[in-house]
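Using the sequences plus the hints, can you model the full thing?
Protein sequences appear in the order of chains G and C. So that you can map any letter, position 221 of the first sequence is 221 in the working numbering, and since no number is skipped, the others follow by simple counting. So that you can map any letter, position 106 of the second sequence is 339 in the working numbering, and since no number is skipped, the others follow by simple counting.
For the record, the hints were derived by calculation from the structure and aren't laboratory data. Built from N, CA and C at the ideal position, the CB exists for glycine as well. Each hint should be verified, as a subset may be incorrect.
Claimed, not checked - Covered stretches of chain G, going by a simulated chain C footprint (3 or more residues, C-beta under 8 angstroms):
id, region
1, 107–114
2, 122–130
3, 152–162
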Amino acid sequence: MNTTSIDFRPFVEWDNNPFILFDPKGKILYLNNSAEILLGYVSKKELFDLALAYAPQSFGYKTTSLSLRYEAFNFYSITVGYENEEQLAIRFYNAPRLRNHIPVEKEKLTLTDINLLLEANIALFKTKNSNPLQLLTDPDMPQLKIDQNRFSKLLRKVLESFRASDSIRIELKLLVGEHVIIDDQKISIAQLSTMANGRYVDNDKEIKTLSEECNIRSNLQESSIKLEIPLIT
Amino acid sequence: METFYTESPQVQQIIQGLNLTRTLFVSSIIIGEPHTGKKTLVTHLFPDIPVVSGESQEEVEILLEQSDELIITDFEKLSNKEGLLFDNKRIIATANYVGNQKIIDSLFAFIYMMPSYKERPEDLKTMKTHFLEEAAATLMLDASLYSLDQLPTDLTHNSKSLKRAIYHYLMRHSMSTEEIEETLHTYFLEYLEGNNGYKEHIGMYERPLIKAGLEKYGSQLKLSEVLGINRNTLRKKIHEHNID
Chain G
1 MNTTSIDFRP FVEWDNNPFI LFDPKGKILY LNNSAEILLG YVSKKELFDL ALAYAPQSFG
61 YKTTSLSLRY EAFNFYSITV GYENEEQLAI RFYNAPRLRN HIPVEKEKLT LTDINLLLEA
121 NIALFKTKNS NPLQLLTDPD MPQLKIDQNR FSKLLRKVLE SFRASDSIRI ELKLLVGEHV
181 IIDDQKISIA QLSTMANGRY VDNDKEIKTL SEECNIRSNL QESSIKLEIP LIT
Chain C
234 METFYTESPQ VQQIIQGLNL TRTLFVSSII IGEPHTGKKT LVTHLFPDIP VVSGESQEEV
294 EILLEQSDEL IITDFEKLSN KEGLLFDNKR IIATANYVGN QKIIDSLFAF IYMMPSYKER
354 PEDLKTMKTH FLEEAAATLM LDASLYSLDQ LPTDLTHNSK SLKRAIYHYL MRHSMSTEEI
414 EETLHTYFLE YLEGNNGYKE HIGMYERPLI KAGLEKYGSQ LKLSEVLGIN RNTLRKKIHE
474 HNID
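Right, here's the structure in full:
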């Protein structure tokens, strides 16, 4: 089959697996949509170094199985390849996400101003802790449908993990360009990040369970907890 | 509507939290020692929400089915807490102690700890003023005759013991001679018996007389002059009544 007349670029562009094309100095010549989002979590240099480290010894392509994690991104493999001295390509393969088996029961959810719940939980936290706490929020965040009680429990557990941390920073923002599909609907995502110099992990199991029950993806790191909240309306 | 006064930052945070969630369907509980103002605070903030005591499991369950908002006091007294369904309801509960932490943790989104009066000295002045005014009005006395510093501070049972101590103080300090006599009269009517009554009860007069005299005049010499009795007699009585 003659494929020279087919323009493959849109297929790469809209591939859910990140793809980046570097020049020999590490400058990005091309990146697809997914890679653009990935670069919000990891530096260009780190990815270029990775490409160099896993590049084949001579022209061609090499696929390596490895486990990579950049915040919400999980990859199980990468392919690095080059056909000339000018371009080095790297493609990341998304690890399959565990499917959420809890159905969204919209009729049981209440339209909520998430900032209100956040403020109330911070007030609760402040009754027990005097740690300095900084809140950066988006006042224009649209209201979302959520189980208010369960989500409040989740927020309490998250904040409790930072009960002994210094200078806690809470950030709520809309993840531009990222979506999740729920009931065949494309739904925007808000990210609630809580960060400090360290945290307790005793609540992690409950945080994961409560997140799942709220259809929220949780990302628990050594000194941060990030919740990706679908803006169900 | 009940009123609630506080200057404690911790209690103010609880109020802020409850106010922020007043339109939301979440479950909250305030846990703290008895008589720290939990119920007063909640009924003050939510005057229109029905109130039920945890003493009756059945009543709580009936009201939970009928209403989507409810105040449950004495939550610790409920016999079957696990079976309660708080989904999509506005529940505000109060409890004197935590009990089973796991159950509380799973039922409530907001768990507030109400500090005792010992832990919130900033509220003492307000509470004392409040009780002084209340007691003075009840006993028909002039509140301005008493200063807050003079009033006793009994916090063993939080506001209950504080209130009681202030009422007693005002009663003691406003009694006329006739009333003191009347009090003694009632006492003797009940307790006077045996064959040594005079000696047994004379101390009730002599002990406070000598103790107050010593406090007021400082020395035994001066006090014996004021009392018009011999210094040796006074010393004998101090010894007899074990006065330091």
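Each hint, compared with the structure:
no.	hint	result
1	107–114	holds (count 3)
2	122–130	holds (count 5)
3	152–162	holds (count 3)
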